[in-house]
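Got chain A sorted already, so can you dock chain B onto it with the hints?
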Amino acid sequence: MVMHAAQSRPGISERLDDILARTRGELDRGLVPVNIFANADIFDAEMERIFAKSWVFLGFESEIPDKGDFMQRRIGRDSVIVTRDAKNEIHVLANFCRHRGTKLCQTDVGNQSHFRCPYHGWVFKNNGDWIGAPDKSKAYKGLDPKDWGLLKAPHVESFLGMIFASLDPDAPTLMDYLGGAAWFMRGLMDLHPGGMSPMGPPDRYKVRGDWKTGSENFGGDGYHVGVAHGSVQTIQLAQGFDVLNNYSTHYVIPGGHSFLGHDFDSMFGPDGHVWYYPPDIQQHFDLDRIDPLLQDVVKKNPPIVGTIFPNLSFLRFFGPPSPGKPPAVYTSWRQWQPSGPGEMELWSWQLKWNFMDEQQAADSYAAGQFGFSSAGIFEQDDTVVWEGAPEAARSVWARKENISFNMQMGMDGMGQQTLDESWEGPGEAWRPGPGEPSQRAFYQHWLSQMVETGK
Amino acid sequence: MSAITPDVEFAIRQFLGHEAMLLDNGRLEDWVGLLAEEILYEIPLRISARKREDEFPKGAFRMHEDMAMIRKRLERMGTSENWAEDPASRTVRTVGSIFVEEDKGNGLYRVHSALSLYRQRAIDRAYEWIPARRIDRIRIDAEGKCRLVRRTIILAETILQTPNLAVFL
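Residue numbers (our numbering), protein chains in the order written: chain A, 5 to 459; chain B, 788 to 956.
Looking at chain A on its own, in the form it has when it is part of the complex (with noise of 0.2 Å):
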């Protein structure tokens, strides 16, 4: 009976296949299944799919400016060492033994030139080559190293301080693979050429909420921040949440890449500065270094909000690093580490322009860490909203019912957003909000990385 029972029951590539079928035919109607939330199938998928196959963030090449200099990330759920060898260049590592799979590095950063597993002692130099074992000669005399050295990411590229890898021995260069995305990260973190950098690690935190969830919201969800984050209005550090979503533009990038804008001058008066920046940090600036076009959307719709695909977003506004004092704008970059269905870990960089002197520096983390961290002002409500789609997900009720999340904001005959046909930038200009343009073309990407890499 229970062999019987067993069989009857339809395996995982059928079940993955059913939940991206169903997905397919609610994602053109702007619906989101419920079903690909907190499903272990599509998790285990995912990891396949998406991280071992997309370009990954791993973290900035200043997190580890020396030669020797290493530290643990992850791609997907894997541990990975990123390390800098002693020809400067930068290697992701996977972070276990090939002899038994003890892991060899237990700590978030340190320096070593090479890695020695605590078990029975093999010995890898931080590119990864199999170096040596105790008792060499007598134990491995035969042992070819070119096999033996740690697993190594095909692709490792590095745009504007940030370090990215790719598993997919086929992966496209990172240019190609971010596209227009790279040309509004230029407008981000390009302003000056000392570029910038994150004042220390990231805080960590762990979220029970799905990490699309994560991803899709910093992609462009103005919509929930008058709601979501009413608090920091009423209490008066943040204002204009009122008519935020009238001044917005969604940027949609293919790719899954997306980014939100906002006309500052329109919410709060018109300033001269990017991004509100203050004078002091403002004179810095060398808006020629990018391109007229970029020029244009920094000073009139610049992005506050975005989300490289998969999991890497980032944040820029401005709030005070103490009540009463003046503003400061604060650039936060965050990472929704998938860690299992339906829960992930919310990793968090504040960033600082490295012509920044020390105060204006300690005003931006203040202010960054006061909005946006484990202990954030805005960010603890996020915390506790993204429960509920991983809930909802395992509710019996909901998936008998096959319920979809609804996702049609702006679509045709739903409200007032528009393609700017006029737009000459990357991928597509959508105004004014509230629109969802986004999330689903996020959802879309997402389906598509699911169903062509799984055939």
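Among these hints, one or two may not hold up.
[Said to hold, decoys possible] Under 7 Å between C-beta atoms, here's a sample of chain A residues computed to sit facing chain B:
#1 Gly204
#2 Pro205
#3 Gly230
#4 Gly234
#5 Thr238
#6 Gly328
#7 Glu347
#8 Glu349
#9 Ser377
#10 Ala379
#11 Ile381
#12 Gln384
#13 Thr387
[Said to hold, decoys possible] Calculated pairs, DSS-like style, for lysine-lysine (alpha carbon to alpha carbon, straight line, at most 27 Å):
#14 Lys156(A) <-> Lys57(A)
#15 Lys303(A) <-> Lys329(A)
#16 Lys71(A) <-> Lys838(B)
#17 Lys356(A) <-> Lys404(A)
#18 Lys156(A) <-> Lys107(A)
#19 Lys129(A) <-> Lys156(A)
#20 Lys932(B) <-> Lys356(A)
#21 Lys91(A) <-> Lys150(A)
#22 Lys142(A) <-> Lys129(A)
#23 Lys107(A) <-> Lys91(A)
#24 Lys838(B) <-> Lys107(A)
#25 Lys91(A) <-> Lys129(A)
#26 Lys838(B) <-> Lys129(A)
#27 Lys845(B) <-> Lys71(A)
#28 Lys356(A) <-> Lys304(A)
#29 Lys329(A) <-> Lys845(B)
#30 Lys71(A) <-> Lys156(A)
#31 Lys145(A) <-> Lys107(A)
Worth flagging that the hints you see were computed from the coordinates, not collected in a lab.
Here the structure is a predicted model, which is why all the values come from computation and not from measurement.
Ideal Cβ placement from N, Cα and C applies to all residues, glycine included.
Positioned in the frame of chain A, the structure of chain B alone reads:
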């Protein structure tokens, strides 16, 4: 110097027990009344590192708050949009391993304690446990009244297992 007499130790123990009771009972305004105006409430960011001195990267923190920030947090908690704590978590904190040291004199003491905070949110069956060490600076005035001048919270976790720090530690 300020000697650690039994009276001093008793006053500090009473103070820590009092504020733990106020925080667990949601009497946050009363709790703020126990803070010195120049309060610094800080949670340095901790990472996993070989050497203890490398666990706290310079200048990195989860929280670094003055009185104005703490008061704003209370104001936020008083709105009807405080979703992180709606309703407020039910907490039970145990404060122990208290060790009092002299600080700079003038009634200022450095107080080490261990905090074990149980937190259950909303109608969750699950709970979160926030273990931490605290290094407090507590001032005892001429009338024997204690004020918290500085609190440094050393979390046991590098990756926080509770989704937010919407409760005071």
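- How about Thr238(A): closest beta carbon in chain B under 7 Å, or not? holds, 5 Å
- Could you grab the alpha-carbon distance between Lys71(A) and Lys156(A) and see if it respects the 27 Å cut-off? holds, 18 Å
- Taking the least C-beta to C-beta distance, is Glu347(A) closer than 7 Å to chain B? violated, 10 Å
- Item | Interface hint compliance - Ile381(A) to chain B, C-beta minimum distance less than 7 Å | holds, 6 Å
- Query: Are the Cα atoms of Lys71(A) and Lys838(B) separated by 27 Å or less?
  - Reply: holds, 19 Å
- Item | 27 Å Cα cutoff - pair Lys932(B), Lys356(A) | violated, 42 Å
- Does the CB of Gly328(A) sit less than 7 Å away from some CB of chain B? Cβ of Gly328(A) sits 6 Å from chain B, so the hint holds.
- Query: Does the nearest C-beta of chain B fall within a distance shorter than 7 Å of the C-beta of Ala379(A)?
  - Reply: Given a least distance of 4 Å, the restraint on Ala379(A) holds.
- Is Lys91(A) close enough to Lys129(A), meaning Cα to Cα at most 27 Å? holds, 12 Å
- Item | Hint consistency between Lys303(A) and Lys329(A) [alpha-carbon to alpha-carbon, up to 27 Å] | holds, 25 Å
- Query: Holds or violated: is the Cβ of Pro205(A) closer than 7 Å to a Cβ in chain B?
  - Reply: With a minimum Cβ separation of about 5 Å from chain B (threshold 7 Å), the hint on Pro205(A) holds.
- Task: Would you mind confirming whether the straight-line C-alpha gap from Lys129(A) to Lys156(A) stays at or under 27 Å?
- Result: At roughly 12 Å apart (the allowed maximum being 27 Å), Lys156(A) and Lys129(A) satisfy the hint.
Checked against the numbered hints above, the structure breaks hints 3, 7, 17 and 20 and satisfies the rest.
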